[in-house]
Amino acid sequence: MTALKSVALASAMLSVAGAAWADWPTDRPIEMIVAFAPGGGTDIMLRTLAPFVEAELGTQIPVMNRPGASGEIAYTALSQAKPDGYTISSLNTPGFLTMQVDRKLRFDPAAICPLARIVEDPGTFIVQAESEYQTLADLVAYAKENPGAVSVGTTGVGTDEHLAMLQLEQAAGIDLTAVPFAGANEAKTALLGGHVNLIGLNVAEYTTSDQNAVRALAQFAEARSTLAPDLPTAKEQGFDVLMSSERGLAARCDVPEADRARLAQAIETALANPEFQEKAKQQQLPLSYLSGTDWTAQMPARLDRFREILALVEGGQ
Amino acid sequence: MEFLDLLMLGFGEAMTPANLGFCLIGALLGTLIGVLPGIGPTATIAVLLPITFFLPPLAGIIMLAGIYYGAQYGGSTTAVLVNLPGEASSVVTALDGYQMARQGRAGAALAVAALGSFFAGTVATFAIALAGPTLSGFALSFGPAEYVSLMLFGLLAATILASGLVLKAIGMILFGLLLGMVGTDAETGAERLTFGALELFDGIDFIVIAIGVFGFAEIITNLERSGSEGVSVAPLTRLWPTREDFRASWRAVLRGTGIGTFLGLLPGGGATLASFSAYSLEKKVSRHPQKFGTGVVEGVAAPEAANNAAAQSSFIPLLTLGIPSNNMMAMMLSAFMIHGITPGPSVLTNQPEIFWGLVASMWIGNLLLVVINLPLIGLWVRLLTVPYRLLYPAILLFCCIGVYSMNNRIFDVVLAAGFGLLGYAFRKAKCEPGPLLLGFVLGPLLEANLRRTMLITQGDPSIFVERPISLTMLVATVILLTLMILPSFRKTREEAFQEEEA
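Heads up: the sequence lines are chains A and B, in that order. All residue numbers for the first sequence refer to our numbering, where the first residue is 1 and numbers rise by one. All residue numbers for the second sequence refer to our numbering, where the first residue is 1 and numbers rise by one.
Among the hints, a few may not be true.
Covered stretches of chain A (chain B as the covering partner; in silico rule of three or more C-beta atoms under 8 Å from a C-beta of chain B) [to be verified]:
#, segment
1, 54-67
2, 139-153
3, 170-179
4, 186-199
5, 223-236
6, 296-304
Calculated from the structure, these hints are not laboratory results. For glycine and all other residues, C-beta sits at the position ideal for the given N, C-alpha and C.
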């Protein structure tokens, strides 16, 4: 009797469990890991997007910040989560790619599948408004005469600005001095105070700065960003420098194909929502959607480029 | 008077019922999270930021600002009551504040802290209104070289914090510097002292160390001393400060306000440095420096005034230049940008109602905080009468939640427990943790700026004496050092002479 009861109970539970599985993603919240501290660009972007994806999927998406080690802590956490589609994570380049070059990782990058690229934000070099450099050529000319005398504020080794600087050094055959700061705002303060000659920023950070105080020399994209249509690219000025930071979302690759497709679909639809687009405009987000597959396809080329640049650093300097 | 007109415009904006309401909500919320250890204003604001989408720009910003300075008020409450500094800037408040609480003068300590903070907040708010744009130039003139000299001065001043042996204080500072080294080297990307732990890549969080060496160590010591019976808190004598308390603290408040207003302008660690410096200064000018650390009211008044003044004046670089001076200000910047407002000189001319409305609301918010906090003192103090066997598990729990919620990882909680044991060992060895924390906070700033300076000048150190601000601070450092060495030198000489004569 009792045995029968427990069998009945077990089968009831099983069917509930089975139903729950089929109910994905509405039966429990999907955790969104953000690899940066609350209040950063990635965090605010994803917190803004989350309600729209929630509406698409009919579930809740709480944001969980797991900052540190330029994203490695978050990617490791994603790799250790169950492959049931209830955990997704932010994904940022160049961090995700450069860490594959210069670190021994605690997760397998190949096991993380991008769902969508949301933003692409090209790098720029900016100087004080009264600086004598008007173009990259002016800067290069001065640096040729005075090797090492031009100081470039960056936010650390292997960051976008640093990689852009290394590319320019290589492309123009010059020697610049990288000065690491704890963040873009510290670097900006040092630039305004005249303590460094120029700093690297992303275009979105540049366009939200006081335009009377600073001037951009170039943007490091293939094509001009929608945020700065009047700013020439480095390629237009004759220097092969390509650098942008991309932000998107990713899941484990072993999440069932159908679920990943559903997630990607929901993100794509949410991004196209006019209400979201309006908010993105207010935040000056350079939206640049790319499907997970297309984004993945781009990565090896970028990775090779970073590998080359970083090899130069270790070899030469 | 154009200035008065603008200020009136600001008060007009800030006094609308809706804005007043948001100011109150922010201040209340701030007080609450300030009292809970480890749950900082940065995380709270990050969570609330999306909500401000739906508010008018000024209302949203007023609420967030309220949370920020409300947390400064609340943070000192736990520092005084249970020796648990919620943030770096209230570490020194715990030194004398907690001793006062144990002597039954918790009410006096909290009241002096609240009133001192209010006064400092008022002065700093007017400084923003009157001289904001001028003062922001001062922040810009601080380059890497100036920071190096300032940090050297700060580290030397840290030895004054301790009431015991100077040698032990120096040892603790050095240990703090060592802890500050943990993490990734900013210039080369090399791992330092991480022992392969991914969680240590970005260094150790201040909160982890503070909660360990102050909070946990305090609980261990208390339990050892009296079992779960409780801490021997002297019966509450009176809730309000005495006339002598006021007489002793008003000068300290004035000096603290001055120091805080200036140091708050500096990006990175301004408020922390301000409260440490204000305490050191009080101890130096006091007629009874040996009493510091045993519960003197100036030791609470000065750092509290300083950190609140600094909290206000850290808005100056943000509002006038668009540059946030700390994480909190970076969050405020996001709040502005969400509404399409780019802080900077253009806001002052194009949207004066935003700038002046915020300035006016800061003063109102400070007033509200005094109104909220003074009646609450009675309630807080009664917390001390809760049996310790009930109180300490609650404190432990809140500490653990706070530490965990910073990065959502259990590693930090274990690390804090480790620092708790270390802090207990320090107590046994009569080494004070204050200088350790200052070394920990200032060390990385000193290192980063020293390396930046050397990179920029390509290895030429003469920049330190060529730049006037840097030179001034180096001279001050030398004077301070001489003052510290001379009296003891003279004393030992005198003792030696006396021995000879005897």
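To see whether the hints hold, each was checked on the structure:
no. : hint    : result
1   : 54-67   : holds (count 4)
2   : 139-153 : holds (count 3)
3   : 170-179 : holds (count 3)
4   : 186-199 : holds (count 9)
5   : 223-236 : violated (count 0)
6   : 296-304 : violated (count 0)
The structure is inconsistent with the numbered hints 5, 6, although it conforms to all the rest.
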